[in-house]
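Number of protein chains: 2
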Amino acid sequence: MYTVLVCDDDKDIVSALKIYLTADGYNVLTAYNGREALDVLKENEVHLILLDIMMPGMDGVSALVKLREAYNMPVIFTTAKSEDNDIILGLNVGADDYVTKPFNPVELLARVRSQIRRYTRLGAKPAESVITAGAIEIDDAAKAVRVDGEEVSLTPTEYDILLLLARAPGKVFSPAEIYREVWHDEPYSADATVAVHIRHLREKIEIDPAKPRYLKVVWGQGYKIN
Amino acid sequence: MYTVLVCDDDKDIVSALKIYLTADGYNVLTAYNGREALDVLKENEVHLILLDIMMPGMDGVSALVKLREAYNMPVIFTTAKSEDNDIILGLNVGADDYVTKPFNPVELLARVRSQIRRYTRLGAKPAESVITAGAIEIDDAAKAVRVDGEEVSLTPTEYDILLLLARAPGKVFSPAEIYREVWHDEPYSADATVAVHIRHLREKIEIDPAKPRYLKVVWGQGYKIN
DNA sequence: GGAAAAGATTAAGAAATGTTTAAGCCCGGA
DNA sequence: TCCGGGCTTAAACATTTCTTAATCTTTTCC
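Line by line, the protein sequences give chains A and B. Taking the working numbering, I'd label the letters of the first sequence as residues 205 to 430. Taking the working numbering, I'd label the letters of the second sequence as residues 205 to 430.
If you're looking for bench data, these hints aren't it; they were derived computationally from the structure. Owing to the predicted nature of the structure, the values given are computational and were not obtained by experimental measurement. Just so you know, not all the hints are guaranteed correct.
Derived contacts from chain B toward chain A, CB cut-off under 10 Å, selection only [as the list claims (entries may be wrong)]:
(1) G298
(2) R322
(3) K375
(4) P379
(5) H388
(6) Q425
Here are some chain B residues the structure puts well away from chain A; computed CB gaps all over 12 Å [what the hints assert, rightly or not]:
(7) T207
(8) N276
(9) V376
In this text, a Cβ means the ideal position worked out from N, Cα and C, and glycines have one as well.
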């Protein structure tokens with residue numbers, strides 16, 4: 205969970221940004237001028253700042269110069285101006301990026317993500333590495349699988365099959381498809397092989413492998429995860 | 205003196221950028237497609253890359269994905285496209301910034317300056333130079349490692365491997381990944397080599413190397429630190 | 001209901017992956 | 001030049017996982 209400080213004198217913009225950022229999984233702090241922003245920084249661990257340039261009281265550029273004396277998290281300027289001079293001033297003063305209002309929220313989020321990634325580089329806990337299907341959780345970075353919170357240990361082939369099915373819950377994969385995707389090879393007479401691995405998988409992730417809750421068969425079609 | 209790699213299939217753009225950047229005091233290297241860019245990176249210390257998205261041969265996005273496996277200098281995409289989707293794709297794939305052609309050279313230089321400043325001065329990663337994983341402490345500034353408070357002496361290769369794993373505790377790294385990250389080279393048949401270093405590491409940081417507490421193997425997947 | 005097809009189960013040998021040891025190479029310092 | 005630390009390679013060994021094939025069970029459909 206990363207924390208973003210949003211600083212803008214326009215309360216509507218602040219609350220709009222807060223909605224976007226919160227929806228994207230960030231913890232959001234707010235300030236309405238440069239001085240408030242500095243106060244918030246003293247009290248909290250902030251990973252990125254969205255800073256308006258034109259604010260009453262202490263403006264964005266002054267605030268940035270001041271905060272750079274003590275902090276080095278990425279700062280993205282948000283401003284209504286779009287002339288080159290402002291961009292250049294902002295970047296030279298120590299900003300990491302610059303977006304102009306009215307901004308596309310999706311682009312803004314992408315830039316926020318990009319800056320935080322660089323800042324926390326190799327922090328290596330990409331949220332998208334955890335895939336969930338029912339009570340099955342797959343952490344692809346750790347190659348770890350939990351069912352009902354309990355960790356189960358899978359072989360590489362079992363893991364690959366589960367990952368394939370869990371990435372598209374409900375979708376039915378024929379044994380030939382599974383073989384092609386997991387083995388990266390043409391299926392010759394691979395149905396039996398796949399069946400054995402499915403059995404092993406069920407033994408590990410199902411309470412009663414004979415009556416699977418998750419890894420179901422669709423007769424004549426293939427297997428799917430519910 | 206910082207070195208910038210300019211990569212674009214349009215020779216006119218490359219030479220124009222080279223003129224701007226050289227005038228601003230940068231050392232400039234050039235490449236005309238993604239593959240060439242990767243070759244240049246192997247041979248030179250590059251501080252920033254200006255990368256075109258649309259190139260024949262290996263395109264910019266593929267090149268970025270590839271080079272991010274081994275390098276972490278800032279990358280700015282330069283492209284004729286200006287739609288949001290491209291901006292978002294580029295940033296999500298690991299770019300640090302994005303400018304659209306035709307670009308204002310002064311703005312471009314400001315963005316280059318901004319990225320290089322963050323990369324070289326502000327420290328790309330959070331200031332913590334001591335990394336901890338369980339009872340393992342790594343002081344990256346001093347290149348010193350302590351286990352249970354006791355200092356152990358590692359060779360450079362062992363140190364690099366430990367650092368890689370300890371920076372992302374729980375994350376599984378395949379021998380090929382480890383080789384790529386530590387040796388900055390393509391793994392050919394490097395599994396045995398990695399295995400031997402893992403063994404030496406275990407001998408130094410584990411009480412019983414045969415029953416490792418920290419440096420564990422995940423069968424068929426790779427190694428991780430707990 | 002019964003035959004045929006699809007899937008499940010089992011066990012054992014084969015193959016892949018990891019570990020350990022040892023020897024030789026390379027390079028920098030004495 | 002010699003020495004020694006560190007790296008790589010190879011080989012033997014240990015362990016885990018995969019595949020195969022035979023047999024059993026379930027489902028489908030006539």
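Evaluated hints:
1. This hint holds: G298 (chain B) has a C-beta 7 Å from the nearest C-beta of chain A, less than the 10 Å allowed.
2. This hint holds: R322 (chain B) has a C-beta 6 Å from the nearest C-beta of chain A, less than the 10 Å allowed.
3. For K375 (chain B), the interface hint holds, since its Cβ comes within 10 Å of a Cβ in chain A; the closest pair sits about 5 Å apart.
4. For P379 (chain B), the interface hint is violated, since its Cβ never comes within 10 Å of a Cβ in chain A; the closest pair sits about 13 Å apart.
5. A hinted interface residue such as H388 (chain B) counts as satisfied when its beta carbon comes closer than 10 Å to some beta carbon of chain A; here the least separation is about 15 Å, so the hint is violated.
6. The interface hint given for Q425 (chain B) is met, as the beta carbon of that residue sits about 5 Å from the closest beta carbon of chain A, less than 10 Å.
7. At the 12 Å boundary, the C-beta of T207 (chain B) stays outside the reach of chain A, the nearest C-beta of that chain being 19 Å off.
8. Its beta-carbon lying about 6 Å from the closest one in chain A, N276 (chain B) breaks the requirement of being farther than 12 Å from that chain.
9. For V376 (chain B), the shortest C-beta to C-beta distance to chain A comes to about 5 Å, within the 12 Å cut-off, and the non-interface label is violated.
The structure shown violates the earlier hints numbered 4, 5, 8 and 9.
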